[in-house]
Amino acid sequence: MVKYTIKKILISVLSLILIIFILFMLMELMPGSPFNDEKLSEEQKQVLYEAYGLDKPVIYRFGVYMINMLHGDFGDSYSISVNTPVASLISTRLPVSMQVGGAAMLIGSIAGLALGFLAAFNRGKAMDVICMIISILGVSVPSYIFAILLNYYVGFRWKALPLLYDFRIPVRTSIMPVIALSIGVMGVVMKFTRDEATMVLKSDYVLFARSQGISEKEILFGYVLRNSMIPVITVMAMLLVSLLTGSLVTERIFSIPGIGALLTTAITANDYNVVIALSFVYAVIYVAARLVLDLVYGLIDPRIRVSGGAGK
Amino acid sequence: MSRYVSKRYIALLTVALIVFCATACSGANESADIDAEKELNIGFANLPITMDAQMAFDSASTDYLRPMISTLFKDVNGEIKEDLAAGYEASEDGLIYTIKLRDDIKYSDGTPITAEDFVYALQRIADPLSGSSAIFVFHDICEVKNIQAVNEGQLPLSELGVSAPDDRTLVIELERPCPYFISTLATSCSAPCSRSFVEKCGSLYATKAEYILGSGPFYIDRYEPFDTQVHYSKNPYYYDSEAVKLSGISIRYVQSGQQAMMCYESGALDVINLSGSIQELAEDDENVTENASGSIFYMGTVPAHNSALKNKNIRRALIKSINRESIVRNITKRGTAPLERFIPENFSLDTNGNDYVKEPGEYSDVCAYDKEKALEYWQQGLDEINAKTLELSLICRPNDETVIEMIINEWENNLPGLSIDAKVIPAKQYWDDLDKKENDLYVAGWGADYSDPNTFLSLFISTSKYDYADLKSEKYDKLLDDAVIETDPTRRFEMLHEAEDLLMEESLYFPIYAKGNAWLISGGVKDVVFDFNGSTLDPTWVSKNR
Chain A
1 MVKYTIKKIL ISVLSLILII FILFMLMELM PGSPFNDEKL SEEQKQVLYE AYGLDKPVIY
61 RFGVYMINML HGDFGDSYSI SVNTPVASLI STRLPVSMQV GGAAMLIGSI AGLALGFLAA
121 FNRGKAMDVI CMIISILGVS VPSYIFAILL NYYVGFRWKA LPLLYDFRIP VRTSIMPVIA
181 LSIGVMGVVM KFTRDEATMV LKSDYVLFAR SQGISEKEIL FGYVLRNSMI PVITVMAMLL
241 VSLLTGSLVT ERIFSIPGIG ALLTTAITAN DYNVVIALSF VYAVIYVAAR LVLDLVYGLI
301 DPRIRVSGGA GK
Chain B
313 MSRYVSKRYI ALLTVALIVF CATACSGANE SADIDAEKEL NIGFANLPIT MDAQMAFDSA
373 STDYLRPMIS TLFKDVNGEI KEDLAAGYEA SEDGLIYTIK LRDDIKYSDG TPITAEDFVY
433 ALQRIADPLS GSSAIFVFHD ICEVKNIQAV NEGQLPLSEL GVSAPDDRTL VIELERPCPY
493 FISTLATSCS APCSRSFVEK CGSLYATKAE YILGSGPFYI DRYEPFDTQV HYSKNPYYYD
553 SEAVKLSGIS IRYVQSGQQA MMCYESGALD VINLSGSIQE LAEDDENVTE NASGSIFYMG
613 TVPAHNSALK NKNIRRALIK SINRESIVRN ITKRGTAPLE RFIPENFSLD TNGNDYVKEP
673 GEYSDVCAYD KEKALEYWQQ GLDEINAKTL ELSLICRPND ETVIEMIINE WENNLPGLSI
733 DAKVIPAKQY WDDLDKKEND LYVAGWGADY SDPNTFLSLF ISTSKYDYAD LKSEKYDKLL
793 DDAVIETDPT RRFEMLHEAE DLLMEESLYF PIYAKGNAWL ISGGVKDVVF DFNGSTLDPT
853 WVSKNR
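Residue numbers (my numbering), protein chains in the order written: chain A, 1 to 312; chain B, 313 to 858.
Calculated directly from the structure, the hints in this document are not laboratory data. As the structure is a prediction and not an experimental result, all values here were calculated from the model. Heads up, the beta-carbon is just placed ideally off N, CA and C, and yes, glycines get one too. A couple of the hints might just be wrong.
Just a few of them, taken from the derived set where beta-carbon distance is under 10 Å, the chain B residues facing chain A [what the hints assert, rightly or not]: (1) G355; (2) P360; (3) E464; (4) G465; (5) S515; (6) E536; (7) F538; (8) Q541; (9) Y565; (10) M574; (11) C575; (12) L581; (13) Q741.
When the alpha-carbon atoms are kept at most 27 Å apart in a straight line, the in silico DSSO-like pairs for lysine-lysine are as follows [stated by the list, open to error]: (14) B:K624 to B:K790; (15) A:K159 to B:K838; (16) B:K457 to B:K412; (17) B:K546 to B:K557; (18) B:K350 to B:K838; (19) B:K740 to A:K56; (20) B:K457 to A:K45; (21) A:K45 to B:K748; (22) B:K350 to B:K546; (23) B:K700 to B:K683; (24) B:K393 to B:K670; (25) A:K45 to B:K777; (26) B:K457 to B:K777; (27) B:K520 to B:K350; (28) B:K735 to B:K683; (29) B:K787 to B:K777; (30) B:K622 to B:K749; (31) A:K159 to B:K856; (32) B:K740 to A:K45; (33) B:K700 to B:K685; (34) B:K683 to B:K624; (35) A:K159 to B:K350; (36) B:K749 to A:K45; (37) B:K838 to B:K393; (38) B:K748 to A:K56; (39) B:K512 to B:K546; (40) A:K45 to B:K784.
Here chain A stands alone, though its shape is the one from the complex (with noise of 0.2 Å):
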């Protein structure tokens, strides 16, 4: 197991550094600069290269940013927000639409589960047909136009809650953010779980369990719960990723102050410092979402570390 482990970490830092070094090099092709000013002469263009170490060749500062790094320093944003450390914008940035992010899955995944469950115990039945159209719906409809209704009855006619967030009362100016974003995970979570479960009810032992009388109670928590988990912890890992890393157009719809308009922004602004860094903690998380799921499923089936640590 600890030479599993050293090996998924190895290559979980060996991934990073290469996303970091194409990061790097993707930002040199893009056209433009960051000084896209057509006020600036080119003189002062060439001041401004020079006081951000920009006149230096690609593999230089590549070199000095990777040495940065490591002491936590990702530079300073040239253009969205002039001369703030990289590292206290995304400081600022990212708890947002993480909380965000967390409490959508949260209950998304609640209700997911919970309704996977009664459409796989209930298969067949009207029950499953209504739990299938709402996961269908949450799985094929964008959450932003979840968002969009939800502002437009909720908060413009229905004025039951405000239509921006608001940094004063972010419970109250969350729940409609939150509810959009949660559409989506439920019907991801519902779809595997009832999937699952009812291949769980199928099985033997739950027929065995059945036979022998134990109680339908029992049956969920006991059997049906435990092993329909697995598939679904993986996909609701995948998921978590995705929502805390910020949704681009639910964030913009309500003003949220998160991640995801912080980096569009900083493509369109050529903001190198920003675009990298974030890519990078975008990569950071998923690969540490992925290490954890490896390590866990080593832990859970051994067949998955002997053919991983034996089989090269």
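Take the given structure of chain A and dock chain B to it, following the hints.
Using the frame of chain A, we list chain B on its own:
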């Protein structure tokens, strides 16, 4: 699952969701400090890139800075008035300005504002290490003595032409006379800056509310970079705090126009900027305040790339085939006006209060939409260049695409044999492409930096990089140079007028429309003031009664 378990399941889920929503909707612990009813709630579609006044030169940062800064002079609906300055004197040659400060001026922490703070502010802008874009104001618009050498690191900051003989007196020396110099001292970058405060904050200066010092009617008490909400409270140390009626201001970043409109209609926002598709929703609204003079949009020719454009009749045919009225009525709408010259109406007044534009239709013979006349010029032009057809390439930015489609449609319908190959170039690549001069026509816009015709006319002098059409007229250059040193305001406007005549006569550039701003301001909000181009809102005297 049994029916009993099913029902319990649904009941539990429903109760959990209802409890969550009810608790959150009630917001019992959250509404204590909301005072939106008494505050001015403004919606902006952009975020500031900095709250450091000396580093700010973009319009979004200026918008967010305005409530919390004061400058030596203030632009009140286009009229320059004293703000932190009590008065000024200019030397006879127009090269030295001596400005006296008010006695009772303080920052939002109660420390006094001195002349040294303005010296430090200008030095920060000129400092090569600061990389401030605002250097454009004191280097390109008006050149402060030694600023180029200081900015290139050849002279120390102390050699910059600005000094403070005493706490209340500021002296600024210029390299050459600048008739509109006082208006540059109304720009946000010339706000005072406390050296001790900046040094105390170090690299954190202006990155959060606690690292920002106000000098205006409000101070900032909530700001984080890239936040969607900035909050200001009334500054008790402001010299004219009795005139300030609002207790606070909340600026919300609302990117979507529809969202801004819903917020306005529901009362969540009192003031929003009207742009894009929401203009139609407010077409007949009496609460719209508009100004259409801050920027000009024009098309330029590049005869160096296509010799057919050296023919004046060809150019005249093109300029007379642009239906400006239709563009403004159908596409650009409120906050814009057809432009048949280079200086918009009501943009610049001389010191006697006379508008530079005396006759709006002065250049109708050159510019006004006239299909028959255009066709006449066109046929004459084609004969002169000995051609039957003409293909022209054109580049524009994504925002100008609709306007250009309309113009091309008119041209190709009205001028037989003309075909246009148009390309849309990403905004950040546009000026680099223009520098290459690889296209025949291009679309450009220019936002006024100060309310003087020179801000637009100087784009086309021989040394300007924006003269892609190569006007290169000695007479034009001389007229603009002479106008700078001319002290008689009437004579000065005459000289600028003569230059504009020459520009229109050559028809190398085709004015299309003038653009300012359109705002939707709630009926209960009074005394909103804007700057000369209607883009920056000054909330100093605003009152709200909703």
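Taking the earlier hints as the rules, which of them does this structure contradict? none
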